[in-house]
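K.L.:
Sequence:
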Amino acid sequence: MSEYQRYEFMTVDQPLTAEQLEEVEDLSSHIEASSSHALIEYNWGDFKYDPIAVLREYFDGFLYWANWGSPQLAFRFPHGILPANLLDEYDCDEFVTFNKAKDYDVLHFSFNDEEPPDEWMDYDLGSMIAIREELINGDLRALYLAWLASQIRMQDYYYDEEDEEEEDEDEEEDVVFPRVPPGLKSLSAAQKELVSLLRLSEEFVAAAAQYSEPMEASPMDDFAAWIKLLPRERCDDYLVRFARNEAGLRRVLIRELRQAGQSGRPEPTTKEEQRVSFATLLTDVKEIQAEQERRRQEQMRQLEEQNRHARQVRLQYLHLNQDDQWRQIDDIASRKIATAYDQAVKWLIELRDMAKEYHELPAFQTRFNSWVQQYRRLPGLTRRLKEHNFTIL
Numbered sequence: 001m002s003e004y005q006r007y008e009f010m011t012v013d014q015p016l017t018a019e020q021l022e023e024v025e026d027l028s029s030h031i032e033a034s035s036s037h038a039l040i041e042y043n044w045g046d047f048k049y050d051p052i053a054v055l056r057e058y059f060d061g062f063l064y065w066a067n068w069g070s071p072q073l074a075f076r077f078p079h080g081i082l083p084a085n086l087l088d089e090y091d092c093d094e095f096v097t098f099n100k101a102k103d104y105d106v107l108h109f110s111f112n113d114e115e116p117p118d119e120w121m122d123y124d125l126g127s128m129i130a131i132r133e134e135l136i137n138g139d140l141r142a143l144y145l146a147w148l149a150s151q152i153r154m155q156d157y158y159y160d161e162e163d164e165e166e167e168d169e170d171e172e173e174d175v176v177f178p179r180v181p182p183g184l185k186s187l188s189a190a191q192k193e194l195v196s197l198l199r200l201s202e203e204f205v206a207a208a209a210q211y212s213e214p215m216e217a218s219p220m221d222d223f224a225a226w227i228k229l230l231p232r233e234r235c236d237d238y239l240v241r242f243a244r245n246e247a248g249l250r251r252v253l254i255r256e257l258r259q260a261g262q263s264g265r266p267e268p269t270t271k272e273e274q275r276v277s278f279a280t281l282l283t284d285v286k287e288i289q290a291e292q293e294r295r296r297q298e299q300m301r302q303l304e305e306q307n308r309h310a311r312q313v314r315l316q317y318l319h320l321n322q323d324d325q326w327r328q329i330d331d332i333a334s335r336k337i338a339t340a341y342d343q344a345v346k347w348l349i350e351l352r353d354m355a356k357e358y359h360e361l362p363a364f365q366t367r368f369n370s371w372v373q374q375y376r377r378l379p380g381l382t383r384r385l386k387e388h389n390f391t392i393l
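Quick note on full-length UniProt numbering: the sequence shown kicks off at 1 and runs consecutively.
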């Protein structure tokens, strides 16, 4: 199988300047770049720069995937727009990292799969870039999905020894698991694409969704009223920074306005999000898979019953209309073409099955022997009959 790698970058907050675009175009001879997007594809060779460093310097989103797996998805955020303790609840090992710097913070999903996916899948950053905005708005479903994917990849390490089960259970009591976010039953289009990228099974998502509350509608933003809650010098500071075209400032302002506007409001009475261990989810997945297998077996049983009933109806009809069926067989066989032979043999098989069902095989064989005599010189028909175990005397 040939090698294929794809590096894709996008801007969101502001386009690249002419100088930045020129620098980006110099990164690779394989690059296709514009002020808002860059794509690098390799069928041989590799990108010689650190893509996360490129992301931090120029872009807001990054996606990497290869035909052997190893997907990466990363987003750049203005420093401080996401909470500094974002990953405190998420023990993802090195699969998910959140690196903070003076100007920008980077959230990085990196899953180095050992085996390639079963079939070729194409992914593009445009279908997942909305996750960045969702995270800014406090929607942590993508982060939870990444945590799930990381646990699945680590499960062999944590759960492969039966004699360590009791020890693992004791240790699990001290582990803080992430809260199950609301809305897992109704993922966004970008989150569904992330599920596919990370090769998360439907069963795992469904298991977690059992503990997920529905998403609540966001309150209307009253920015005109909230801006008056900020000190005058704070407003002036924002105006100066807007004039300097500071990247990501709009979102920083929106977040501060929302905090100011909601500070005097009573805390909403919502159900507390549950914390569910991965071991519990594993058990739930097995139950879901068992239920799916029960349903599959029941569907197969019902289908077999329907087919059995349809066959009985067909055989009963043939038993009552044997003479008509023999005439149809004679008419179609006399056309002396391959498709007609196939249909004639199909009907003869049905008549033979009917004869077995009604214990009339001797009568059928007698009539067949008489009928076939006129077609003995047609090799196309006789060959088909012999292939289906008809005896030609």
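These aren't lab readings, by the way, just hints derived from the structure by calculation. Careful: at least some of the hints might be erroneous.
Cross-link-like lysine-lysine pairs, in silico, DSBU-like; alpha carbons within 35 Å at most [said to hold, decoys possible]:
#1 Lys228 <-> Lys286
#2 Lys185 <-> Lys48
#3 Lys48 <-> Lys192
#4 Lys102 <-> Lys228
#5 Lys336 <-> Lys192
Keep in mind the model is a prediction, meaning the values are calculated, not measured.
K.L.:
Under the constraints set out in the numbered hints, which ones does this structure not fulfil?
P.N.:
1, 2, 5
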